[in-house]
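Chains as they are written, first to last, in the UniProt record's numbering: chain A, 1 to 479; chain B, 1 to 479; chain C, 1 to 479; chain D, 1 to 479.
Hint data in this document are derived by calculation from the structure and do not stem from the laboratory. Incorrect hints may appear among the rest.
[To be verified] DSBU-like cross-link-like pairs, simulated, lysine-lysine; straight-line CA separation at most 30 Å: (1) Lys67(D) x Lys56(C); (2) Lys337(A) x Lys50(C); (3) Lys67(C) x Lys308(B); (4) Lys379(C) x Lys461(B); (5) Lys96(D) x Lys379(C); (6) Lys461(A) x Lys308(D); (7) Lys337(C) x Lys90(D); (8) Lys337(B) x Lys96(A); (9) Lys90(A) x Lys96(D); (10) Lys379(D) x Lys67(C); (11) Lys308(A) x Lys461(D); (12) Lys96(D) x Lys337(C); (13) Lys379(A) x Lys96(B); (14) Lys90(B) x Lys379(A); (15) Lys96(C) x Lys90(D); (16) Lys379(B) x Lys56(A); (17) Lys461(D) x Lys379(C); (18) Lys90(A) x Lys90(B).
[Unchecked claim] Heads up, incomplete: computed chain D residues facing chain B, CB under 8 Å, no partners named: (19) Pro196; (20) Gly261; (21) Ile286.
[As the list claims (entries may be wrong)] Distance ranges between label pairs, derived from CB positions: (22) Ser46(B) x Arg365(A): 29 to 37 Å; (23) Asp377(B) x Ala421(C): 55 to 63 Å; (24) Gln52(B) x Glu159(A): 57 to 65 Å; (25) Ser46(B) x Asp377(A): 49 to 57 Å.
C-beta atoms are modelled at their ideal positions from N, C-alpha and C, and glycine is treated no differently.
Number of protein chains: 4
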Amino acid sequence: QIQFVEDKQEFSRFPTKTGRRSLSRSISQSSTDSYSSTDSSDDETSPRDKTQVNVKGSSDFCVKNIKQAEFGRREIEIAEQMAALISLRKRAQSEKPLAGAKIVGCTHITAQTAVLIETLVALGAQCRWTACNIYSTQNEVAAALAESVAVFAWKGESEDDFWWCIDCCVNTEGWQPNMILDDGGDLTHWMYKKYPNVFKKIRGIVEESVTGVHQLSKAGKLCVPAMNVNDSVTKQKFDNLYCCRESILDLKRTTDVMFGGKQVVVCGYGEVGKGCCAALKALGAIVYVTEIDPICALQAMDGFRVVKLNEIIRHVDVIITCTNKNVVTRDQLDRMKNGSIVCNMGHSNTEIDASLRTPELTWERVRSQVDHVIWPDGKRVILLAEGRLLNLSCSTVPTFVLSITATTQFQALALIELYNAPEGRYKQDVYLLPKKMEYVASLHLATFDAHLTELSDEQAKYLGLNKNGPFKPNYYYEM
Amino acid sequence: QIQFVEDKQEFSRFPTKTGRRSLSRSISQSSTDSYSSTDSSDDETSPRDKTQVNVKGSSDFCVKNIKQAEFGRREIEIAEQMAALISLRKRAQSEKPLAGAKIVGCTHITAQTAVLIETLVALGAQCRWTACNIYSTQNEVAAALAESVAVFAWKGESEDDFWWCIDCCVNTEGWQPNMILDDGGDLTHWMYKKYPNVFKKIRGIVEESVTGVHQLSKAGKLCVPAMNVNDSVTKQKFDNLYCCRESILDLKRTTDVMFGGKQVVVCGYGEVGKGCCAALKALGAIVYVTEIDPICALQAMDGFRVVKLNEIIRHVDVIITCTNKNVVTRDQLDRMKNGSIVCNMGHSNTEIDASLRTPELTWERVRSQVDHVIWPDGKRVILLAEGRLLNLSCSTVPTFVLSITATTQFQALALIELYNAPEGRYKQDVYLLPKKMEYVASLHLATFDAHLTELSDEQAKYLGLNKNGPFKPNYYYEM
Amino acid sequence: QIQFVEDKQEFSRFPTKTGRRSLSRSISQSSTDSYSSTDSSDDETSPRDKTQVNVKGSSDFCVKNIKQAEFGRREIEIAEQMAALISLRKRAQSEKPLAGAKIVGCTHITAQTAVLIETLVALGAQCRWTACNIYSTQNEVAAALAESVAVFAWKGESEDDFWWCIDCCVNTEGWQPNMILDDGGDLTHWMYKKYPNVFKKIRGIVEESVTGVHQLSKAGKLCVPAMNVNDSVTKQKFDNLYCCRESILDLKRTTDVMFGGKQVVVCGYGEVGKGCCAALKALGAIVYVTEIDPICALQAMDGFRVVKLNEIIRHVDVIITCTNKNVVTRDQLDRMKNGSIVCNMGHSNTEIDASLRTPELTWERVRSQVDHVIWPDGKRVILLAEGRLLNLSCSTVPTFVLSITATTQFQALALIELYNAPEGRYKQDVYLLPKKMEYVASLHLATFDAHLTELSDEQAKYLGLNKNGPFKPNYYYEM
Amino acid sequence: QIQFVEDKQEFSRFPTKTGRRSLSRSISQSSTDSYSSTDSSDDETSPRDKTQVNVKGSSDFCVKNIKQAEFGRREIEIAEQMAALISLRKRAQSEKPLAGAKIVGCTHITAQTAVLIETLVALGAQCRWTACNIYSTQNEVAAALAESVAVFAWKGESEDDFWWCIDCCVNTEGWQPNMILDDGGDLTHWMYKKYPNVFKKIRGIVEESVTGVHQLSKAGKLCVPAMNVNDSVTKQKFDNLYCCRESILDLKRTTDVMFGGKQVVVCGYGEVGKGCCAALKALGAIVYVTEIDPICALQAMDGFRVVKLNEIIRHVDVIITCTNKNVVTRDQLDRMKNGSIVCNMGHSNTEIDASLRTPELTWERVRSQVDHVIWPDGKRVILLAEGRLLNLSCSTVPTFVLSITATTQFQALALIELYNAPEGRYKQDVYLLPKKMEYVASLHLATFDAHLTELSDEQAKYLGLNKNGPFKPNYYYEM
């Protein structure tokens, strides 16, 4: 077993990532189970202690139960139905732009990621994969992947398992990775620390999360070009506005609340809040907004009253936080109505006051991710996901899946770009993937049966644009 | 074991009800499982062969597993959070208007019904209960109820079990029912046939379903007053428009489809279709409507193009039927896009062509209630609930739950009304519960924190209305 | 000059009609002016004192200024662009179903009515026409009509002019009407009183307004069959819900208010209120509702808080009344914010407290139909149309125009039906025009490019319907 | 009379501005008339030839008719009702931050600008004003202003009048301006050319339009600091998205079109297009979008099909262009339906093909700003504002008014900032007014009765923000 104490401590300095992972441990049951999940839940043996063989006779993988591969395949098939990534796979397959690429990946392992990995393989790459989060792996999907790819991941890994899996990905005989796809920087960091010689030969790193990218550039030790696929106005906007508009509906999945006529307060009217508010208003809820920023507050002329939480705390049926730290205080929770719902769609796991964990309040788990917090007088407040991010916790397809649907394409494009870039195009720095955005957007359009108009020569000239784009100024992507 | 062949044949003449029940048998897994359900799913012993005792030491019940009572209690607590019925319980509890009432009930057994039953008990009634559908019972809820009420129901009853449970309810020593609450008429019919002497002493029947009421009045043998709580403009409107607007969201629960930008055709622009269309449009779908009736078609000026299904069949991502028989033909399904979704929100189970069940099409169950139907060329169409009613099948809280939320109050009010009515007020006929609608609506208003305005004397006089209502003309309820 | 004192007194017993007309007199300037109106406004000569000749050389008409005919023709052309009535004209023109009909009409004279009248002529009828309201006539349109039809109407008639015009229509040598089209019953009443012998020979009366129909049937002296084209669920619904949804936008025309973020209270959540609320919410206003009826209040789960007016009177920016008498009291007006707007979309002219007409409040007319009512402390409340019906007063195309767009078709159909009905089909009674509704709706559908689906034989049989309709039960129309 | 040929030619190189002004000349009647306008329309005497005296006995102004001052005052009072600018006036009045400022202004002269000018005066400034557009002046408002401010402007100025008015503002004995407020750069340019010595002593220029700012900086001869109040993400967003959402409703004012069920195509899904689409969808229209940019096209998942114009040109009822040059071609116009509407909400005046001005097409003006273009076969297409910008032409309160409502505050703030800035803070360059945006937004919030939440110390620290803002990063304003 690997001892890597020093680094684990170092990681704890990256709060978001570690925070997310640690908190996840308290989840006793995930909602990401697929149809067959119950079959395996009884099996308590650690995957590391099992001997499993896939249909090809290989044992170079480690998943919960390879026999679930068929169920996982169906989940992947569902994901393929919607994936614009398939368009990319079809367009680029004959060119094999990733022929010769040896990619180690460390991401959430879901049906959507599986579509990505299998696309990378279809484009010519060899892949080895592990999970970036100890709880988010869909076991069946991992099993399905393991039939052809070296996957090391299961739901409910221990911290030690987590690093063991990463090491299995990287440290294998006769195979040296030349590309990294990372989400959070753990894989990158591990390779940098443990296998510096391998790391130096990497041609490029594609990194998903802000945390991961920060780590890279702050460390100042970046010796390979990296591409940040997360930071662009457009992607942020799509992820936040559009995805939240869809994923707030998970509130219904979880609590069966009827939206019509309910009084809801959304704390924060940024992109996430805007998405939530739009969906809730559309479904007949009466929505209030709290804001600290006058510009966002003014945008609430979309149709929402801007109030202070205290003004309406006694009336609201639902509080949704889309902001930051301790937006809902214990004092406010004390004044809420019996049966009201509190949940967090925001950026951090600390939006709802931690002081709900006190002896005088009783917690009763009524469903997966749903707790009744019971006051001494019998009042119940329904708390979702223990105050953690709702859209990461409470549904089969939360925000991050939709996000990944888009993300996976950026990741694939970034890998292709970095792998095929001529020497010198990218230095040892962190890059954005800006103009490719339009290409990704256009891949999506096929899914929507959308027909783009082409500029006439005259119009292009009038506008000073190339007929094939890019259509947006640079600053649009770099903001 | 009871043989009741003759009646079963007779029942098969009531297509909706029987059809619904028979089709239900093919459901291999329901989505109505609560948090603990997986624990019991392994248990293959028939409840009829088990010996169970509740906390009071009684064995006068038959449920899947009495040990699940605690989990069921939590579901009931969730339901109580929202139930306007609790208002009624509080208002009428001191009066005990059902003191002396002995009610046999045959309804769906869900958390919402449990709130009703426990309300009836709180108002003074004794109750014995059974399920009106062999598959809709929430086992944990039944267990929770069985701690204090004689309940005979579990999910997955056989036809024989179904009648055995009804008989257990009715045929018990030292207890004769004087009121019936029925949904579909099976209980009523059984009592009429098997226990005519008991039946004659019944003071009133409250019947939920249209089928059940038809049966009663058509038979012409109604010897007790009955009240139909289903047929009123208002209730229809609430159930259809408002509930469908909410329950169409189950489409997302089931398929994880993103609504934004999807092309959806809704077949039928009646109240159900209107509700679906409004919600889908609000969430960013592009919605088309098909209609046969010019008046409904004109109402689509709400914002929807009225098309013939054939015009757009090749483009749509989702078909939702809200009408009648064979609206979507096999020929049309042949022309749909790969990955498109087909589901049924309508009134019957025959809206989608049965010809999908042919050898050349492969069915692959990918989740509970979700099948991929695969054409020889690999095209997949996602069929929900095998074409049966989506809102009865695909969610924890489908339309019928919300409906029951309202319905249970009507049922309670109707029971109170019939039980307390002076001799002669009701004859041996089927009655509606019209004016009480306003009372029920006003009970609900508390839930919405809504404040009614009162007419001034002058205004009441001007309008020719009593200040306390009713505010609607008679025909409003009787339409 | 005609003396008809007795009847005028009698008419004053019909409050709505007379009230509307009398109040209209205080309008100093109408917004119904067309492009050219200013040219004629200087002309103070009474039309009765002018000698005018149309292009055909006839003087059998009396309008403000025949020279405005060209401008009026353009208004009619605009109206024709939208009129589904044109479909009827085209369909029925070859059949000339009104050949031989001699119709006297008394309606609002607007571009839309002009389309009706010219359609009647195209279908074979001879027409003479007058106005049912002393202020609603569009002078240019009347001029355009007068080129081919005997029209007697202008904006700003005196009471005496009003009856003189009616008499000119009826009392003409060598021409006896055999059909009446009336709106309000004034024409009918005049003929009944003054020309009883002509009246007896009338084959049918088509009456638009509720008032007019009441008059007929209450009088008990109806000696000819009459058809009420106003009272049907469908028409009410279209007029109220759909038209109000559009015409509330006139609030912007009149006051330039920005809807986004404004707090609006809509008094009354009937069909009119529902239409207003839907439009305002859609445009970003924050909408509250007041209601007396619990059922309507419950329907506000469409997305509106139900409040008492007093709760929010200090906060709202706009009050819209959609109800009845004195909904907004002087006391409440005293508490409104500076700059708030008050208007009336309801059924009567008395929804806003008359006590605004007191010496301590200053009225300042800032635009046509817009008064600032100024409190002693300088606070201004913006009152529209002096509290009268906004949609009758404040726009070029108010509700009643859209209504008439539909109405004119009903009127035409009713005239055709009555004129061609075999002896005995209609008695001396008031009839509705029920089933034709579907025909009218289908005429409209062409305008919307809507494509109806046809029932298959199998479906028709299943539903028990004729493939060509009617699709609605009788009670749908008769409610 | 002033000859200034050389400069006029130079101006013609600034296409937007000059184009706008020239095109305006063809407007025969504006819709910006206030209540009293008709009184003065007969008066053909040039204001320059009249002798007028205001109530103070001064003749230092030149307007159409000083007697209309009272009517103009009412328009200003209406504008004051809504103006957040009044908040600024109240807050800053005691400080007189503009004491000593001598401002020459050249802007649209409307009720909203009047509120600005009178605010500047209230804050201590002396003002002289002229119009930046020969047709946009509201004569009554100019008259009202002229009672206390030296205003030189009327509707329908000639080119020569235009420069004469500017000169009157600047060239007056005993008064030298020290601040400029300009919209389009004409005033600035004139001063720079004709009065270079005065110009050098100017302390700052506040410029509204992009054109004007370009002129300044491109010329490279900027010898005073200038502030561009137009270019910020936020302002663009408010002006475009929010204002267009409101001003598209003018389509109804102008054409009386019913939105429900109409098929509308919006060309361009930028901010302007998004605003139009949102409003139209909300009102029941069926909206299509055309786009050239895949990112914007993808955002149409808001609920709109992305099509090529040719695909639907035969079906649509309304075309709204929100883009650039020649989006709608003559060929497409040929294929439109009879009665369809074409209008322009975009950025330029050339979006609709100029080839409609041909002999074979007849133009018929049916209302102010509304032409029927008639094809040889009788087909009519309704063209608004001759294809020029709808929201500048077709309503009393078009986009630019709402825009100015916001703009005027920026202008006032920029004037205060520049006038009071310590020496050296601003160089001879063009500045933005970024962070003040939040201050302006917060002034607006009072209008909306919105209550901002304040950050706690802990939260501010967590977020790394000052509790009083700014809350947005710099790039947010500078994009």
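Structure-based check of each hint:
1. Lys67(D) x Lys56(C): Distance ~45 Å between Lys67(D) and Lys56(C) Cα, so the pair is violated.
2. Lys337(A) x Lys50(C): Between Lys337(A) and Lys50(C) the Cα gap is close to 74 Å, so the pair fails against 30 Å, i.e. violated.
3. Lys67(C) x Lys308(B): violated (49 Å)
4. Lys379(C) x Lys461(B): Measuring from Cα to Cα gives roughly 34 Å; hence the hint is violated.
5. Lys96(D) x Lys379(C): holds (26 Å)
6. Lys461(A) x Lys308(D): With Cα atoms ~20 Å apart, Lys461(A) and Lys308(D) stay inside 30 Å; holds.
7. Lys337(C) x Lys90(D): holds (17 Å)
8. Lys337(B) x Lys96(A): Between Lys337(B) and Lys96(A) the Cα gap is close to 28 Å, so the pair holds against 30 Å.
9. Lys90(A) x Lys96(D): Distance of about 69 Å is beyond 30 Å: violated.
10. Lys379(D) x Lys67(C): At roughly 26 Å apart (the allowed maximum being 30 Å), Lys67(C) and Lys379(D) satisfy the hint.
11. Lys308(A) x Lys461(D): With a Cα-Cα distance of about 20 Å, the restraint between Lys308(A) and Lys461(D) holds, given a limit of 30 Å.
12. Lys96(D) x Lys337(C): Judged against 30 Å, a Cα distance of about 28 Å means the pair holds.
13. Lys379(A) x Lys96(B): holds (26 Å)
14. Lys90(B) x Lys379(A): The hint holds at about 16 Å.
15. Lys96(C) x Lys90(D): Violated: Lys96(C) and Lys90(D) sit about 71 Å apart, past 30 Å.
16. Lys379(B) x Lys56(A): Between Lys379(B) and Lys56(A) the Cα gap is close to 27 Å, so the pair holds against 30 Å.
17. Lys461(D) x Lys379(C): violated (44 Å)
18. Lys90(A) x Lys90(B): violated (64 Å)
19. Pro196: Given a least distance of 57 Å, the restraint on Pro196(D) is violated.
20. Gly261: holds (3 Å)
21. Ile286: The hint holds - Ile286(D) has a Cβ within 8 Å of chain B, the shortest such distance being about 5 Å.
22. Ser46(B) x Arg365(A): 29 to 37 Å: Between Ser46(B) and Arg365(A), where Cβ atoms are some 30 Å apart, the hint holds.
23. Asp377(B) x Ala421(C): 55 to 63 Å: holds (60 Å)
24. Gln52(B) x Glu159(A): 57 to 65 Å: violated (44 Å)
25. Ser46(B) x Asp377(A): 49 to 57 Å: The hinted range 49 to 57 Å is violated for Ser46(B) and Asp377(A), with Cβ atoms some 43 Å apart.
Taken one by one, the earlier hints fail for this structure at numbers 1, 2, 3, 4, 9, 15, 17, 18, 19, 24, 25, listed in ascending order.
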